[in-house]
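Trainee: Listed here are the chains, written in short residue letters.
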Amino acid sequence: MKNILVLALSLALAPAICFAGGPPAAVQAGIESKDYKWNAQEGEKIEALKLKGNPKEGKEGYEVCGACHLPSGAGRPDGTFPQLAGQHTTVLIKQMADIRAGLRDNPTMYPFAKELTDAQELAHVASYIESLCIPVDHGKYEGPDAEKQIVDGKAMYEKECIECHKANGEGVKEKFYPVLAGQHYKYLLRQMTEIRDGKRRNANPDMVAIIKKYDNSQLVAISAYQASLSMPGSMCKASAATKPSKKK
Amino acid sequence: MNTKMFFVAALVALTSNVAKADGATLYAEKTCIACHGKEGKKPLTAAYPKIAGQNAAYLEQQMLDIQSGARANGSSAAMKGVMHLVSATEIKELAQYLSKLK
Chain A
37 MKNILVLALS
47 LALAPAICFA
57 GGPPAAVQAG
67 IESKDYKWNA
77 QEGEKIEALK
87 LKGNPKEGKE
97 GYEVCGACHL
107 PSGAGRPDGT
117 FPQLAGQHTT
127 VLIKQMADIR
137 AGLRDNPTMY
147 PFAKELTDAQ
157 ELAHVASYIE
167 SLCIPVDHGK
177 YEGPDAEKQI
187 VDGKAMYEKE
197 CIECHKANGE
207 GVKEKFYPVL
217 AGQHYKYLLR
227 QMTEIRDGKR
237 RNANPDMVAI
247 IKKYDNSQLV
257 AISAYQASLS
267 MPGSMCKASA
277 ATKPSKKK
Chain B
5 MNTKMFFVAA
15 LVALTSNVAK
25 ADGATLYAEK
35 TCIACHGKEG
45 KKPLTAAYPK
55 IAGQNAAYLE
65 QQMLDIQSGA
75 RANGSSAAMK
85 GVMHLVSATE
95 IKELAQYLSK
105 LK
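Chains as they are written, first to last, in the working numbering: chain A, 37 to 284; chain B, 5 to 106.
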């Protein structure tokens, strides 16, 4: 019954949203709602997931993403924009669909997610991003106590995070668990904090249940450790990453 | 006295030099280009403004207001997410650069 009401309401509101022509985004019930089902397999997401992506065909479509996430996919070490290179296509497609559907709130990203509407193009771009090597000069925990933070973080990570995110931060492609290796420390910390506090409304309830008990300083240590992870065979060569390649 | 004057002059020259080179570079590096398009002429959506040739004083004030949160209407939430990337000096430089585009 409630679902029908929500549907009717969203249908009634749809024209208003369309005519606005831009943000703010539509909002869909997420983790705050009782009826929330994580990673519901429906809509355009399924379509893009089923289609085969070709990295070569996705390169051009990625150009618009590169303005913020950089051509290398590295994002910004200050964590404003996440590192994307090497991320699983499943994760990329899910996050794009969630942002577009108003399930993950991100006003800056929203209009871009809204532009990329073609499922085949989405599949191509995602496979292009996945094919990129993971830059190694990302943002890490910087502080005199970095060593201790990483050791403390490792202990916690190996206790509860490792089962899903794996020993080197590889995640699990089929399960939509993201790659963490090479991600910026500040981005990791912000996402974990937001997932714990219910602000990332497309979060996995299983993760929320686990992360709930960690305080801020523990999340700092876990992020510090995650940002130190490295996936053998997937990382860019250090020499290529440190070369001042972009001088305009 | 003379040395002090020299340092002040050198500092002014240095900062203005750095700032001068930066307009177009800042526009790309601070991700303005992602939404407002090449040279501020091709916004991503019709909801975003063309900013090439806009008055520098107006541009500067809008950027400062969106950064501080004083302006929070329209699509400004999308821009607020990147405004921590620029300083007041860089905002001034961007405003100058954009105002001179035709």
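None of these hints come from the bench; they were simulated from the model.
Positions of the beta carbon are idealized from the N, C-alpha and C atoms, including for glycine.
Any given hint could turn out to be false.
Derived lysine-lysine pairs resembling BS3-like cross-links, with alpha carbons at most 30 Å apart [claimed, not checked]:
1) B:K104 with A:K222
2) A:K150 with B:K46
3) B:K42 with A:K150
4) B:K96 with A:K95
5) B:K46 with A:K95
6) A:K235 with B:K34
7) A:K195 with B:K34
8) B:K84 with A:K235
9) A:K95 with B:K42
10) B:K34 with A:K150
11) A:K92 with B:K42
12) A:K176 with B:K45
13) B:K46 with A:K73
14) A:K273 with A:K248
Just a sample of chain B residues kept apart from chain A, beta carbon distances all over 10 Å, derived [stated by the list, open to error]:
15) A32
16) E43
17) K45
18) Q58
19) A60
20) Y62
21) Q71
22) S79
Trainee: For B:E43, is the shortest CB-to-CB distance to chain A above 10 Å, so the non-interface label stands?
Mentor: holds (14 Å)
Trainee: Keeping to a limit of 30 Å between CA atoms, is the pair of A:K150 and B:K46 held or broken?
Mentor: Cα-Cα ~17 Å, so holds.
Trainee: Next pair to validate is A:K273 with A:K248; report whether the Cα-Cα distance is within 30 Å.
Mentor: violated (37 Å)
Trainee: In terms of Cβ atoms, is chain A entirely out of 10 Å range of B:A60?
Mentor: holds (23 Å)
Trainee: Taking the shortest Cβ-to-Cβ distance between B:K45 and chain A, state whether it exceeds 10 Å.
Mentor: Since the minimum Cβ distance to chain A is about 15 Å, B:K45 lies beyond 10 Å and the statement holds.
Trainee: With d taken as the least Cβ-Cβ distance between B:S79 and chain A, does d exceed 10 Å?
Mentor: violated (5 Å)
Trainee: Could you grab the alpha-carbon distance between B:K46 and A:K95 and see if it respects the 30 Å cut-off?
Mentor: holds (21 Å)
Trainee: B:K84 and A:K235: Cα distance at most 30 Å?
Mentor: Roughly 18 Å between the alpha carbons, so the hint for B:K84 and A:K235 holds.
Trainee: Taken at face value, is the distance from the CA of A:K73 to the CA of B:K46 at most 30 Å?
Mentor: violated (39 Å)
Trainee: Checking the smallest CB distance to chain A, is B:Q58 really beyond 10 Å?
Mentor: holds (19 Å)
Trainee: Using Cβ atoms and 10 Å as the threshold, tell me whether B:Y62 really stays out of contact range of chain A.
Mentor: holds (21 Å)
Trainee: Taking only the CA atoms, is the gap from B:K42 to A:K150 under or equal to 30 Å?
Mentor: Satisfied, since the Cα-Cα distance of roughly 20 Å is no more than 30 Å.
Of the numbered hints stated above, those contradicted by the structure are hints 1, 4, 7, 12, 13, 14, 15, 22, listed in ascending order.
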